[in-house]
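Novice: Heads up: the sequence lines are chains F, X and R, in that order.
Take the position in the first sequence, starting the count at 1, then add 952; the result is the number in this note's numbering.
Take the position in the second sequence, starting the count at 1, then add 1057; the result is the number in this note's numbering.
Take the position in the third sequence, starting the count at 1, then add 111; the result is the number in this note's numbering.
Worth double-checking, as some hints may not be accurate.
[Claimed, not checked] Simulated DEER-style distance windows between Cβ atoms: (1) X:E1176 x F:R1139: 24 to 34 angstroms; (2) F:T1082 x R:F128: 25 to 35 angstroms; (3) R:T140 x F:T1082: 21 to 31 angstroms; (4) R:I297 x X:Q1149: 26 to 36 angstroms; (5) X:Y1150 x R:P192: 42 to 52 angstroms; (6) X:G1072 x F:V1049: 16 to 26 angstroms.
[Claimed, not checked] Among chain F residues calculated to face chain X with C-beta under 7 angstroms, some are: (7) N1046; (8) T1114; (9) L1122; (10) G1123; (11) L1124; (12) T1125; (13) R1132; (14) M1137.
These are calculated hints, taken from the structure and not from any lab test.
Don't be surprised by glycine CBs; every beta carbon is placed ideally from N, CA and C.
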Amino acid sequence: MSRNIRRVKERAFLCGVALLTALAVLPLFHIIMTVTVRGLPEVVSGGLRFLTGTLSEGGIGPAIAGTFLLTFLSALLGLPVAFLVGLYAYEFPNSAVGRWTKTLLQIMLEFPTILVGVFVMQVLVVPMGTYSAIAGTLSLAIILTPYVAVYTHEAMRQIPFTYRETSFSLGLTRTRVLFRVLAPMARRGILTGGLIGLAKVAGETAPLLFTAGGLYESYPHSVTAPVGSISLLIYQLVQSPSPADHRMAWGASLVLLLIFLDIFVPIRLSLREVKL
Amino acid sequence: MNLAIETRNLHVYYGNNHVIKGVDLQIPAKGIFALMGPSGCGKSTMLRTFNRLIELNDGARVEGEVLLFGKNIYSPDVDPIGIRRQVGMVFQYPNPFPHLTIYDNVALGLKLNRLLPGEKIRERVEWALKKAALWDEVKDRLDDYPSNLSGGQKQRLVIARALAMKPRVLLMDEPTANIDPVGTAKIEELLFELKEEYTIVLVTHSPAQAARVSDWVAFLYLGKLIEVGPTRKVFENPEHELTEKYVTGALG
Amino acid sequence: MRDTFRALTLPAVLAVFIIFTGMLVVYFTNAVLAFHRFGLDVYLTNVWHASEDPEKEIYGIAAAIWGSVYTALIAVAVALPLSIAYSIFVVDYSPRWLKNPLIVISDIMAGLPTIIYGLWGALVLVPFLRDEIMKPLYEHLSFIPLFSYPPTTGYSYFSAGVLLAIMVTPFASAIIREAYTMVPFIYREAVYALGATRLEATRILLGYIRPAVVSGTILAFGRAIGETVAVSLVIGNTFNMTWALFAPGYTVSSLIANQFGNAFIYEYMTPVLYAAGLALFVIGLAVNLLGIRILRRWEENVP
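Construct the entire structure; sequences and hints are all you get.
Specialist: Next up, the structure:
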């Protein structure tokens, strides 16, 4: 009898585990479905006007431009820094600075992004007297850098020690060994990290709240002027009571979702595992 | 006798581990000098003191002197990078850079160290590949990647890469340990040719190979130098009991 | 030559350190005014009295701190069983073809723009929770304090907690799943050789990776507490301090997001918000460091 009870317990356990797993992943499908179902009509009926028009024309063109601009600029600022930091952490893992760097990177990986935004606001927006693309860029770059640095570091660590030995045995300087031989060997992992970081910051909202300002009636024309983003626009639209605004929010979400998935999924599938 | 490498009271520590214990070794110039002994006795470690590659290991500490053609390479004013350009190295696992073509692999040291102007590099690459007995097999596919080469060919590519720098000494860390017998035979043949011009220090854990190939041999056991001398003598008339046990296969 | 490499990379490293300390300094110096005026009461009392007359301004963000902690706890309480179940399933029970897809899905969920979670949360999840769970519970069980608040709009600690749980499960899962995979095979073999059922075996193996589970929980907590836009869209942004799950509330991050825009009008609101940010900074830092430390120590001791 007790054997049967054990078996029943086991069955129940297995069912429970499967059920909970389904519950854990179900939301993604529901979200994708809802965004598509509610957003697609909006995009389709709006057509080109939706994608390129200004807000009063019923479109999110400037927001899309803003997202791309901010992502591009933050990549320009953050990727080189991240690359160098990652290399440092790889080359000097046991030095005090190296160890603190790794810890700091881990801390900043999941740091509340709103705090980054408020900080940048204080140091850039307040002195400049205006919201700006630069401020938004700095915010995003601060968030981007730890991600890509950690990816770089991990990618370099995958390189077998023998290649390090070989490069040095050829009498190459440390700079050349790292930049001309080893980093190129790890370029796939490094590039992947860069792209995943970019996919992430493209969708960020909180860091832009008090830095970018928002710009939806005209296309971005200067980096020292306010700029919008799709995520920021959605945030604005959701809080409005108007159903028309909500519909537009769904449409914008669909666009954002597509941008995100188009970068993230192919990169993720070409990798074997991902750092969160 | 002209000495290529000489160690005086060489001690090496990995952390608290005393790996090389007071070794005085003399390696004559030109010819093949074998370092043999059971696994873990410190042969590879000692080899890496000859080009200061040991410094890549964080916990390693070297005491004593290592003289390269009469000059102590561990004196504070010596730059390890300069040393490494004079000493070539071949490793246990054939390790050509997978992301570089065959040509670029051989040219790497020359290009990055700016040792030769562009046009001369091509000549040197061809020369190195010929010296490594690989030219005929790869001359039509220099732009290919090394992944298509056999183990033995890869190792000869690595030898070419080292030779391209025209080193005075060639260090070899069990170069045929992971090569099939045919490839091994080819490489041993190659060594016979190279020893006329180069000093080759060969670490091997096959006493048979040491016997086949080397002119002098040193037997290391647990970090100590047990016996050293011309190969013939050490194998036919070993002075030390441990040496005898090792060459007859009684020791692992 | 060694110096060239250092010279090239050290500035980047320094930049990162400088930014981090810069953040700390900025938050601290800007919060000082609030500390002078209100002392620790700014953290300990629940009051929000804005006024153009500085003498009349009184602020206390206890409600927001409570909300942050409470919702993060709810999130973790819900996320933990989900993450553990997911990890067990992926490693032990899932058919081969399902393993990688499941992991990829989890990673996508981890990276998905939080505003999309927020939008879906506000317009889809909240009405669902309100109608299917909160209203029935209120109607039948409102004598229990937890359920005693009338769920009119649905914006509440509960909704925020559930949404956060969905968002942080992938993070906890990644850590737990990785640790669970690393359990040495001989250990698993030994457990089954003793005749354990799968349930019993899983229990034992989970015990083996307990530090990783703890670490995953702590890191998920840290992540939940730092989340801003998604939470601010579903929590109702009201100054409440109650256990009642269905009551609306505030979190520190949503308070900052909501109030910063107009804070410059008032003399003391901005410093108070900086003090709030400082609190979030410190909590986030402490939590993250703790979680990392536990994980690292365990990783070092495991063969």
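Novice: Against this structure, judge whether each hint is valid.
Specialist: How the hints compare with the structure:
1. Between X:E1176 and F:R1139 the C-beta distance comes to about 29 angstroms, which sits within the given range of 24 to 34 angstroms.
2. F:T1082 and R:F128 have their C-beta atoms about 29 angstroms apart, which keeps the hinted 25 to 35 angstroms range intact.
3. A C-beta distance of roughly 23 angstroms is found between R:T140 and F:T1082, which places it inside the suggested range of 21 to 31 angstroms.
4. Take R:I297 and X:Q1149: their Cβ atoms lie about 29 angstroms apart, and the range 26 to 36 angstroms holds.
5. For the pair X:Y1150 and R:P192, the beta carbons lie near 47 angstroms from each other, so the given range of 42 to 52 angstroms is met.
6. Between X:G1072 and F:V1049 the C-beta distance comes to about 22 angstroms, which sits within the given range of 16 to 26 angstroms.
7. The beta carbon of F:N1046 comes within 6 angstroms of a beta carbon in chain X, closer than 7 angstroms, and the hint placing it at the interface holds.
8. The beta carbon of F:T1114 comes within 5 angstroms of a beta carbon in chain X, closer than 7 angstroms, and the hint placing it at the interface holds.
9. Interface hint status for F:L1122: upheld, as the beta-carbon distance to the closest one in chain X is roughly 4 angstroms, under 7 angstroms.
10. Below 7 angstroms, beta-carbon pairs count as interface contacts, and F:G1123 has one with chain X at about 3 angstroms; its hint therefore holds.
11. Annotation: interface hint on F:L1124 holds; nearest CB of chain X at approximately 5 angstroms, less than 7 angstroms.
12. Interface restraint check: F:T1125 against chain X, minimum CB-CB distance 6 angstroms, threshold 7 angstroms, status holds.
13. The criterion of a C-beta within 7 angstroms of any C-beta in chain X is met by F:R1132, whose closest approach is roughly 6 angstroms, and the hint holds.
14. Against a cut-off of 7 angstroms between C-beta atoms, the interface hint on F:M1137 holds, since the closest Cβ of chain X lies about 5 angstroms away.
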